[in-house]
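Could you build the full structure based on these sequences and the hints that come with them?
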Amino acid sequence: MKKRNLLQRSIVIAIVTVVGFYIVIGPHGRRPHLSDLRWSGIKANLQNNIHLGLDLKGGSHLVMRVKIEDFFKRLAEENALAAQATAKDAGYDVKEAHADTSGGTYRSILQVGDPSKTKEIRDAVEKKVDFSDRTGWSFASSGNTLTWTLTGTGQRALAESATDQAMKIIDTRINAVGVAEPTLARHGGQNSHEILLQMPGLQDPERVKQLLAGASHLELVHVVSTPQTQGPVQTYPGEQEAIASLNSGGKVPTNRRVLPYTERPELAGQDANANANVQPPKKWVVIESPAIVDGAQLRSATANQSRAGADEYEIDFSLKPAGAQKFGEWTGANINEYMGVVLDDQVKSIAYIKGQIFDTGQISGRFSKQSADDLALTLRSGALPAPIEYQEERTVGPSLGADSIRAGVRASLLGLALVVFFMLIYYRGSGINAIIALLLNMVLMLAGLIMFGATLTLPGIAGIILTIGMAVDSNVLIFERIREEMRSGKTIPSAVEQGFAHAFVTIIDTHVTTIVSSLFLYAFGAGPIRGFAVTLVLGLLVNLFSAVYVSRTIFIWLLSRKGRRAESLSI
Amino acid sequence: MIRLFHEVRVDWLGWRRFFIGISILLMLAGMGTALYRHRFHPNGTDAFNLGVDFKGGTVVTVRFKQPPAADALRAAINQAGIKDSVLQPVLDKKGEFLVKVPHQGFEESATGESQAGVDAARTKIKRALNTFGQEADPSAKTLEDDPKAAYKIEGTDAVGQVASKQLRTQAIAVTVAALIGMLLFIAFRFEWTYGAGAVIAVFHTVLVTLGLFSIFQIEINLTVIAALLTLVGFDVNDSIVIFDRIRENRKLYRRMSLYDVTNLSINQTLSRTVITSGLVFLSVVSLVLLGGETLRPFSLALVMGILFGTYDTIAVAGPIMVWWERRLEASNRAAAAKQRQTDPVSSRKSARTDRSRNGVGKPSRAA
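Protein chains in written order, with the numbering used here: chain A, 351 to 921; chain B, 309 to 675.
It is worth saying that the hints were derived from the structure and are not from the lab. Quick caveat: nothing in here was measured; it's all calculated off a predicted structure. Each hint should be verified, as a subset may be incorrect.
[To be verified] What the simulated footprint calls covered on chain A by chain B, stretch by stretch (three residues with Cβ under 8 angstroms from a Cβ of chain B suffice, anywhere in the stretch; the number is not a length):
{"hint": "1", "segment": "453-465"}
{"hint": "2", "segment": "737-743"}
{"hint": "3", "segment": "814-824"}
{"hint": "4", "segment": "827-834"}
{"hint": "5", "segment": "851-858"}
{"hint": "6", "segment": "876-882"}
[Said to hold, decoys possible] One-sided excerpt, in silico: chain A residues whose CB lies under 10 angstroms from chain B:
{"hint": "7", "residue": "R415"}
{"hint": "8", "residue": "A526"}
{"hint": "9", "residue": "V527"}
{"hint": "10", "residue": "M773"}
{"hint": "11", "residue": "I811"}
Glycine residues also receive a C-beta, built at the ideal position from the N, C-alpha and C atoms.
Structure, rendered in C-alpha cells:
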C-alpha cells in the first residue's frame with residue numbers, strides 16, 4: 351500500500367474523530383477551558399449537548415384534538431340564524447331556518463314563503479352572511495328551500511384555520527400560566543387536527559389541562575322568564591320540563607336554547623377534585639337565541655374578590671365599544687328582565703336588569719382564586735374555535751426516566767463488554783480493530799444526533815442497538831471474508847484487499863436496504879417511529895465510515911509495517 | 309485461530325420441507341391461539357395483550373413508601389368507581405405498582421369550566437390512592453423527598469379512543485411500508501424472487517413473534533413495534549448477506565445449479581451468520597436481564613426476533629427464492645419450447661437469454 355494514501359486516510363480519520371469527540375463532549379456556545387477535560391466537566395457537557403426526549407427526561411406529553419365537527423356544526427347553525435335574520439330584515443317572508451348536520455355534511459337551510467323570490471333572497475343573504483364559494487359554501491335551491499352546503503374543500507380549509515387558531519390560543523394560555531420550555535406543534539397527518547404539547551419537567555398536568563380545554567365561549571343572553579317584579583327567575587328541575595314549557599311539541603325551536611344552570615357549590619379553600627363526586631343540584635333554564643353579545647366582544651376580564659376578606663372570587667369583564675353599544679341598547683329596553691352569563695353552554699350566573707348597563711359585567715359564582723384566575727385568563731386569550739379533547743396524556747416522573755436511562759445504559763454496557771470479549775478471543779489482534787471501529791461509530795452517531803438537534807428517546811435507543819448490531823456484523827463480514835481468502839491461498843495483502851472488496855458489496859447492500867426502509871418509516875411514521883428511523887440512518891451512514899474506511903486504514907497501517915511479504919495476520 | 313466451522317457441507321435446501329413445515333406450524337400455533345382467544349375465550353380476552361397505546365385507557369405508575377396489600381389497593385380502586393382495573397406490581401422495584409384501567413369515558417368535573425374530554429381515570433385513581441395517605445408534592449423529585457407523603461405517581465399513560473386507533477393503523481402501515489421498501493430495493497439490486505423470498509421470510513418472523521406474544525400474553529405497546537422494526541432490519545440483513553454470496557457464486561460457478569449454489573452460499577456464510585446473530589443475541593439478552601420492566605416487552609420481542617430471524621433466512625428465504633426461480637425457469641422453458649415450434653429463429657435467441665438469466669443446466673437434484 352502506498353504511504354501517501356495511508357497518510358491521507360489517517361488525516362481524514364483524525365479530523366473526523368477530533369471533531370466528533372468535540373461535538374459530543376465539548377462545550378457548545380462558549381470557549382473550552384481546562385475544566386472541560388475533567389470527568390465532571392465532560393459529564394456536564396454531555397448532558398447539555400444531548401437532548402433527551404420526555405420519556406427519558408421526565409415531563410408531560412399531551413395530544414389534543416380539535417373537535418372540528420363541533421366547529422362546523424356551530425358555524426352551520428349560526429349561519430342559518432344569521433340568514434334568517436338578514437332575510438327578515440330585508441323584508442322577505444321567511445318561514446323557518448335550521449341547520450342539518452347529519453352524516454358528515456353541514457348545511458344551513460332556509461325556508462321562505464315565496465319560491466319565486468329565492469334568487470333575490472339569496473343575493474340579500476349573501477351580502478351579509480359569508481356564504482361565498484371562497485369560504486367553501488355551495489348553494490342550491492329547490493322550491494321554497496334555500497340550502498348552503500359546506501363543501502369538502504371548504505371543510506378542509508376551515509378545519510386547518512380553526513386548528514391553527516386553536517394552537518395560537520393555546521400558546522397564549524400556556525405562556526400566561528408560565529410553563530417552562532413548552533413545545534407546541536401540529537401532530538399527526540394532514541386531516542387529523544391534532545396538537546401536541548410537551549412540557550418538560552411538569553409532573554402533574556391537571557391544571558394545565560383544565561386551563562387549555564376551556565373553550566371559554568362566553569355569551570350574554572336573555573333568560574326567558576317572567577319579569578323580576580313578578581317573582582324569581584323561572585327555572586326547571588330537569589331538561590324535559592324546560593322543553594315542555596316551550597309548548598313546541600318536545601323540540602327546541604331555533605330561537606330558544608335549553609341550558610343547565612349550576613349554582614356553584616364550590617367552597618373556598620377546598621380541593622376541586624375532592625368533591626368531584628358531589629354533583630351540585632342542577633337546574634335548567636330557557637334562554638333566547640342568538641345571544642345579545644358574545645365573547646368576541648370582550649375587551650378584558652379580571653378575577654376579583656367578591657367581598658373584602660372573603661375567599662370567594664368573581665370575574666369582572668368589560669366589552670368593546672361595538673358590543674357595549676348593543677348591550678346597552680338591549681339592557682335599556684329590557685329593564686326588570688333576566689339576563690344570563692353563559693360560558694361553554696352552561697349558565698353561570700343570572701341577574702335581573704336594574705338599569706341600563708353598557709360595558710361591564712360580572713360572572714359571579716363563588717370561584718376559588720385559582721379557578722377565577724384561570725377562567726379570566728382563558729377569557730382574555732379568546733375562545734377556542736371548537737372544544738378540544740385530550741387524545742393522549744403521558745407523564746413521566748424524573749425518577750422513572752432516569753431509571754430507564756440507567757437500565758438502558760447498564761444493559762448496553764454489558765452487551766458491549768460481551769461483544770468486545772468475544773471479538774478479542776475470536777479475532778485476536780483484529781478484534782482491537784473492530785472495537786475501535788465500534789466505539790468510533792457510537793461517538794460519531796451521538797455527534798450526528800447532536801448536530802441535527804435530534805432528541806434521544808427510547809425508540810431511538812432501539813435504533814442505536816440495531817446500528818451496533820449492524821456495525822458488529824460489518825466487521826464480522828469483513829474478517830470472515832479475509833479468513834476465507836487467506837484459506838484459498840492468497841497472500842496476506844491480497845487477502846485483505848479482496849476481503850474488503852467482497853465484503854464491501856454486501857455491506858453496501860445491507861445498509862442501503864435498511865436505509866431505504868428507514869426512509870419509508872420516516873415518511874409514514876410519526877414521533878417515536880421517526881426517532882427510530884433518524885437514529886438508524888445516521889448510525890448506518892457513520893458505520894460505512896467507521897467499519898469500512900477506518901478498519902481498512904488500520905489494516906493498511908499494519909501491513910505497511912510488516913512490508914510486502916507479510917506472512918501472518920492476527921485474525 | 310479459532311474457527312467455528314470447517315468446510316461445512318450441509319444440504320440446507322434438502323431440509324426445506326421440514327423447515328417450512330415447522331414455520332407453518334409455528335405460525336399456525338400463534339395465529340391459532342390469537343384466533344381462539346379472540347373468539348372462544350369465555351372472558352373475552354383479546355387476541356393480543358394490547359397496551360394502552362393500542363387499546364386506549366390509562367396506566368398509572370405509583371410508588372408507595374409502605375406498599376399496601378394488593379387486595380386493599382384493588383378494593384380502594386373499585387370503591388372509586390373504576391371497573392376492570394388490573395394491578396401489576398413492578399418486580400424489580402419495591403413498592404411500585406402499575407394500575408391499568410380501561411377507557412373510562414368522559415366525566416364532567418365539578419369545577420365545571422373545562423370538562424371537555426378530560427379522562428376521569430387519573431383523577432379517580434388519585435382519589436383511591438388518597439385513602440392510603442397523602443400524595444407527594446409535585447415539586448418533590450422522588451417520593452423520599454417529601455417526608456409527609458405516602459405515595460407518588462411516577463408516571464401516567466392515557467390514550468383516547470381516536471388516538472389508539474390511529475396508533476394501531478399507523479403501526480401496521482409503518483411495518484408494511486418498511487417491508488415494501490425492502491422488497492423494492494432488493495428487487496432492484498437482485499431479482500423480484502429474491503425480494504419476495506426475503507420479505508416473506510421477514511413477514512413470517514413478524515407473525516411468529518406476534519404469535520408468541522399472543523400465546524404468552526406479553527403486552528404489545530409502541531416500543532414493541534420499534535422492536536419489530538428492528539428485527540425486520542436484522543432479518544433482511546441476514547438474507548441479503550446470503551443473497552449477495554449467491555450472486556457472487558453464480559458468476560464463479562456458472563455450471564452449478566441454483567440449488568447447489570444456494571446451499572454453498574449458506575454454508576460459506578454460516579460462520580458469519582452464527583457469529584453475528586450470537587453477538588446480537590448476547591446484547592439483547594443482557595437487555596432482557598438488565599433493561600428493566602419498561603423495556604421488557606421490547607427486549608423479549610428482540611430475543612424472539614433474532615432467533616427466528618436467523619433461522620428463517622436459511623429455512624424460508626432461500627427455499628422460497630429457489631422454488632420461485634425454478635418455476636420461472638420452467639415456465640420460460642415451456643414458453644420457449646412452444647415458440648420454437650412456430651418460429652424457429654427467435655426461439656433460439658430467447659432460450660439463450662433465459663439461460664443467462666436463470667443459470668445454466670438443470671437442478672442436480674430432483675425437486
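### Query
Taking a Cβ-Cβ distance under 8 angstroms as contact, does the segment 737-743 of chain A have three or more residues in contact with chain B?
holds (count 7)
### Task
Verify the interface restraint on A526(A): the C-beta must sit less than 10 angstroms from at least one C-beta of chain B.
violated, 15 angstroms
### Three-residue Cβ test at 8 angstroms for the coverage of the segment 453-465 of chain A by chain B
violated (count 0)
### Message
Tell me if the interface restraint on M773(A) is satisfied: Cβ within less than 10 angstroms of some Cβ in chain B.
### Response
Check passed: Cβ of M773(A) comes within 8 angstroms of chain B, closer than 10 angstroms.
### Message
Let's test the interface hint: is any C-beta of chain B closer than 10 angstroms to that of I811(A)?
### Response
holds, 9 angstroms
### Query
With a cut-off of 8 angstroms between beta carbons, are at least three residues of the segment 876-882 of chain A near chain B?
Holds, because 4 residues of the segment 876-882 of chain A bring their Cβ atoms closer than 8 angstroms to Cβ atoms of chain B.
### Message
Closer than 8 angstroms Cβ to Cβ for three or more residues is the test here. Does the segment 851-858 of chain A pass it with chain B?
### Response
n = 3 at 8 angstroms, threshold three: holds.
### Query
Going by Cβ atoms only, is R415(A) closer than 10 angstroms to chain B?
holds, 6 angstroms
### Query
Residue count check for the segment 814-824 of chain A against chain B: does it reach three with CB-CB under 8 angstroms?
holds (count 7)
### Query
Are there three or more residues in the segment 827-834 of chain A whose C-beta lies closer than 8 angstroms to some C-beta of chain B?
holds (count 4)
### Task
Could you check if V527(A) really has its C-beta closer than 10 angstroms to a C-beta on chain B?
Status violated, d = 13 angstroms.
Checked against the numbered hints above, the structure breaks hints 1, 8 and 9 and satisfies the rest.
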